[in-house]
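*Asks:* Assemble the whole structure, with the sequences as input and the hints as a guide.
Quick note, in the working numbering, the sequence shown goes up one by one and the last residue is 949.
The set of hints was computed from the structure by calculation and includes no laboratory data.
Some hints could be false.
DSSO-like, lysine-lysine: derived pairs with alpha carbons at most 30 Å apart [claimed, not checked]: (1) K475 - K518; (2) K475 - K368; (3) K368 - K518.
The following label-pair restraints were derived from C-beta to C-beta distances [said to hold, decoys possible]: (4) P674 - E566: 32 to 40 Å; (5) R509 - A559: 34 to 42 Å; (6) A230 - R805: 21 to 29 Å; (7) E439 - G64: 37 to 45 Å; (8) R681 - E787: 23 to 31 Å; (9) S247 - A617: 44 to 52 Å; (10) R761 - V678: 53 to 61 Å; (11) E736 - H445: 27 to 35 Å; (12) V801 - A559: 35 to 43 Å; (13) T208 - V678: 52 to 60 Å; (14) E573 - P674: 26 to 34 Å; (15) T208 - I465: 43 to 51 Å; (16) E736 - E196: 52 to 60 Å.
Owing to the predicted nature of the structure, the values given are computational and were not obtained by experimental measurement.
Note that CB positions come from ideal geometry on N, CA and C, so glycine has one too.
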Amino acid sequence: MSFTAGSGHQCLRVLTYRSDESEIAERAGGKGRNLHALTMSGFHVPAWSVIGADVFAEFCRDTGLERRLAELSAAGRDQGGESAARETAAGIAALIEAAPLGERVAAAVALAYRQAGGGLVAVRSSGAQEDGARHSFAGQFDSFLNVRGLDQVTAHVRRCWASGFSERSLYYRARHGLPPDTAGLAVVVQRMVPAERSGVLFTAEPATGRTDRHVVSAVHGLGEGLVSGAVDADTVVLDAVTGEPLSTVIGEKRERYDAGSGPGCVVSPVAAEDRGRLSLTSAELARLHQAGVRVTEHFGCPQDIEWAIAGDTLWILQSRPVTALGRGARPAEPEGEVRLWDNSNIIESFGGVVSPLTHSFAADTYAKVYESYARALGVRGRRLREVQEWTPHLLGHIHGRVYYNLYHWYRMVRLAPFYRLNRRVLEKSLGVAESISDECADSLHPFTPRPGPLGGLSRFTRTLIFTGRFLTVRKSVAAFHRYFHRVYEEFNDIDYDALPGDEIHRRFRRLQRELIEKWGPMQVLDATILLSVGVLALLTRRWLPGAPDWFTWAAAAPAGPLESAEPARALAELAARVRADEEVRELLDRTADADAYAALREGGHLDVLAAVDAYVADYGYRSPDELKLEAPDLWENPAGMFTLLREALQDTARDRGGGGDEADAYLDRHLRGPRRWVYERVRRKAGDALADRERLRFCRTRAFGTAKRMLRAMGRDLARIGALDSGRDVFMLKLEEVRGAYEGQIAHTELRELAVLRRGRLAADALLRAPSRFTTRGAPYWSGNLERAGWTTEATARSGVRELRGTPCCPGVAEGRAVVTDSPCRIGGRILVTYRTDPGWVPALASAAAVLVERGSPLTHVAVVARELGVPTVVQVKDATTEIRTGSRLRVDGAAGTVTVLADPPAQDHRGEDPPAEAPSGDHPPAGEPPPDGPAAPPETTSRTETHP
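*Replies:* Structure below.
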């Protein structure tokens, strides 16, 4: 039904959502048609009405303007030139402004204003051909916001009619061969929404035509500031399928536009605290994504959607096709399984490019451990077979980098109860930049859920098994620890170079069976950490709402010394011994690392040599990138010991105390009685679990060290028989190929060619700049998946920002010069800034004034040890290694998670021109540089917290 105004045999149309579709299609114009479609589809659309195109046609007939408008517009088109078009447009506008409104036309305008609700409205032109499939007329017609009162509405309706013959509209029509039309212009009157936030959502990337992405731009207040370009908006790129944020740019948003007392907008400043943070919550982004999907499905093509948020309501103001996609649009996006790749904290273990042997060994280990974990929770039969489908693919190897196949990790977490809580803590512990949406998370299962009572019984059984293991996890870890050391000593006390290759391989397979495959039940410890830390965080929010951001992580810190910090303590003791002996210290100062051992022997310092030998015997498996099989450890290259010792000798750190002391003091001030007792029970469970995890990680490092010795020995054996050119070429093979060489599944003559091919591939991969998180569909390397993900050789430019923020890990304030590095080096009391860390960085912590890590999380190995040492630490500091240069003077607040650049470095100290710190001497290459005959390292490296074997 349509509302009518005036009398006579033909009534003028005021169209609303109740109008027939045929009338809407004929008289409402493009904006009106789209508003009708959106409203009828159930979207929240502010009240609207349309002054039909027949109203303007009657206005032209009644006033005699029809002929005059046609003459003027035709004359302007025939004469050509900017001045002629400008004069024509001005003449038409003057005629429309001066012509009287007939009774029926005036009544139609008044009725439209009433139907829109009166009060404050927007008045928008709506051309018959606007927002069409062939011609959008985007930006050609005028719209006016914050119009109040019938007189003002009438005046702005006239201006909308005139915009149909504006200079730009005439040019647009001439360029597309369209005649001037006096009967095709409607006007939308729409109630204004008191927007708290507003913006635009493109359901395809406008610049590239990519339909696998949505782009959201948002500002505070009304969208006028965004449309006019006056406000630097926030921009978020979303995955079109999952809605996951792929990139986020925080705009300055210095001003906001709101409705004033008259037409137009009032401009006011945005509060300082709101400028530096995203104007939309993750829930609001999810709602926008869902709305974008629905609108696109309804109209059948990518849409440009104007939206506003007021209260709890997402309003869709208007939508139009993104017609620019017709030119230069990319080919259809690939189909297939959606995979989310993230390297958030896996790069603490496997930073940069890694060899095929490292990745295949790690992937095989993860598969065996988590299948065993599922068995330990009682998963059997068909459900276990479903688990076995995804456990071998927990890790990906993309252009030489290791990534989490992240959705599988959510599936793994769901094996245990309390999934909603545990997955949030998983995201924190992994240090992922963005959470996945609740809808996506709920769709991920380790196996097909069984409906009905049998499904409930299955879940109840797993919960009972988990509860039992949760309550006895400390005893289980202690028993496994004893078992591990008994078996480990048996494997470690062997000279593998003295054995034939097939015997080494047989023992290697036994190592996998007796150590690695026994690890599965210990993953209950990871679930224990997730659950206990999650409950601790909930109690903190409820009982200590004013607690600082670092508090929960400090409260959960293990009590007492960590076993995994033993190498750092032992090295500090050795350094103190050397520091007290001036002769030994001077000898090391003037001697290269490669010659230091012989120099000490020749100098008669046998007691120091004995201490060095004891350290290498106990901790020879330690090194930067110690889980990368190709990275030399101290057993392979003892000269690296002196690199570590030199670093320890630079230790100028004072006794700062640990973050746990700060947490105790805070609790003493703010929490007492029964709540304190409950809090301490949960805190102790979390701290014990984290301490046990560090013990198991220490075991893992030892196991990898022994596996590394075995595989190096097999490499030398394959080189000895001529299958490889060098023993180090074994790292260019995959684990199944090494196995096949000894079990008759691959010809020896193939290995050399594979090694050469992969070495060249890794060298090329090392030149690429890798995204930290991206999505693929179907086969990851095909259909342009990686190109769209942003793999590039281009470097990131500095923005010159003076303050960066991250996640606080350990409280404390430090000021000093920065050392930006991708490998442990001599910190000498300065502030360590790096993209990522691994356990091999622990010796560098004691001499650091503070630690900044671009990637990682509060539960990484380095973060845990830094808290024990009391070193102010901030992780997840976005762009730290891009914005900060070696020599920059910084102020680090570990409690607030802020990093302030106080002064730039001297000109000669810029990163990239001089080394970030003294390069280690000797034969042992720094982490990030290729070992002899080894793979090149990546230009970027990273850190993360691990909750896996």
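*Asks:* Hints first: check each against the structure and report whether it holds.
*Replies:* Do the hints match the structure? See the list:
Distance check on the hinted pair: K475 and K518 sit about 16 Å apart at the alpha-carbon level, within 30 Å; holds. About 23 Å separates the Cα atoms of K475 and K368, which keeps this hinted pair within 30 Å; it holds. Taking the CA atoms of K368 and K518, the gap is about 9 Å. The hint holds against a cut of 30 Å. Under the hint 32 to 40 Å, the C-beta atoms of P674 and E566, about 38 Å apart, fit the expected range.
The hinted range of 34 to 42 Å is satisfied by R509 and A559, whose Cβ atoms lie roughly 39 Å apart. One distance hint, 21 to 29 Å for the beta-carbon pair A230 and R805, holds here, with the actual separation near 26 Å. Range check, E439 to G64: Cβ separation about 59 Å, and the 37 to 45 Å hint is violated. Range check, R681 to E787: about 52 Å between beta-carbon atoms, so the 23 to 31 Å window is missed.
With their beta carbons about 48 Å apart, S247 and A617 fall inside the hinted range of 44 to 52 Å. The hinted range of 53 to 61 Å is satisfied by R761 and V678, whose Cβ atoms lie roughly 55 Å apart. At roughly 29 Å, the beta-carbon separation of E736 and H445 lies within the given 27 to 35 Å, and the hint holds. Take V801 and A559: their Cβ atoms lie about 38 Å apart, and the range 35 to 43 Å holds.
A hinted range of 52 to 60 Å holds for the C-beta pair T208 and V678, which are about 54 Å apart. Evaluation of the 26 to 34 Å hint for E573 and P674 yields a failure: the beta carbon distance comes to about 43 Å. Here the CB-CB span from T208 to I465 is close to 50 Å, well matched to the stated 43 to 51 Å. A C-beta distance of roughly 57 Å is found between E736 and E196, which places it inside the suggested range of 52 to 60 Å.
In this structure, the hints that do not hold are numbers 7, 8, 14, in rising order.
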